Amino acid sequence: MTTFILASASPARLKVLRAAGLEPVVRVSDVDEDAVAAALPAGTTPEGVVVALAQAKARTVAAELSAGLDGVCWLDGADAFDSVLVGCDSMLHIASELQGKPLTVEVARQRWAMMAGRSGDLLTGHCVLRLRDGKVVAAASGCTTTTVHFGSPTDADLTAYLASGEPLQVAGAFTLDGLGGWFVEKIDGDPSSVIGIGLPLVRRLLSEVGVSISDLWDRR
Numbered sequence: 001m002t003t004f005i006l007a008s009a010s011p012a013r014l015k016v017l018r019a020a021g022l023e024p025v026v027r028v029s030d031v032d033e034d035a036v037a038a039a040l041p042a043g044t045t046p047e048g049v050v051v052a053l054a055q056a057k058a059r060t061v062a063a064e065l066s067a068g069l070d071g072v073c074w075l076d077g078a079d080a081f082d083s084v085l086v087g088c089d090s091m092l093h094i095a096s097e098l099q100g101k102p103l104t105v106e107v108a109r110q111r112w113a114m115m116a117g118r119s120g121d122l123l124t125g126h127c128v129l130r131l132r133d134g135k136v137v138a139a140a141s142g143c144t145t146t147t148v149h150f151g152s153p154t155d156a157d158l159t160a161y162l163a164s165g166e167p168l169q170v171a172g173a174f175t176l177d178g179l180g181g182w183f184v185e186k187i188d189g190d191p192s193s194v195i196g197i198g199l200p201l202v203r204r205l206l207s208e209v210g211v212s213i214s215d216l217w218d219r220r
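Each step along the sequence shown adds one to the number in UniProt numbering, with nothing skipped, and position 177 is 177.
What the hints contain is simulated information worked out from the structure, not anything from laboratory work.
No experiment lies behind these values; they were computed from the predicted model shown.
Incorrect hints may appear among the rest.
To be verified - Restricting the straight-line Cα-Cα distance to at most 30 Å, the calculated cross-link-like pairs of lysine-lysine (BS3-like) are: (1) K15 with K101; (2) K186 with K101; (3) K15 with K186; (4) K15 with K135.
Please model the entire structure based on the sequences and the hints provided.
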């Protein structure tokens, strides 16, 4: 059976995949996202940025597996190591700016001052790698774009939301599946990609590397 590896520490992505019938092996990539973005050619599109970041995360984990730094994923009793590895990166594109994680209350408050009552595009880059014997034998990448229409939280609600800490570690300083959902009026597009991993796109990318999604479902 093919092993599904998620190259992300995001509990939201893991929750989406588990709800969709998978039980991923989680391996976190230690990628300097700012350095990767800074090294991209001038004029790289916002979609190109998030795809490049997703590729960097996936390739980093794949290299660690290939180097034998993690033996957990080798299948007992199998002669070959067969897996698919998925890396993702999300950013909010609004007012001609790409926004990642705010990290601090001050930055998150500034972003919400711009976001409230407006719409932005949540971009999620995906990279799927097929590995055999620890080597990448196929790859596919893509990006989902979902338009998010934000409400206008009161000062009291926004202060409480920022104090919760939830928006500090997520792209665009909001969540759809948590407290931030109260401040999203509607979305146009794939809700799973707003949470962090677009199931329809991942299914298509898996097909490109020769894997059927139903073969990965956990039927225990």
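- prompt: Which of the listed hints are not met by the structure?
  reply: none
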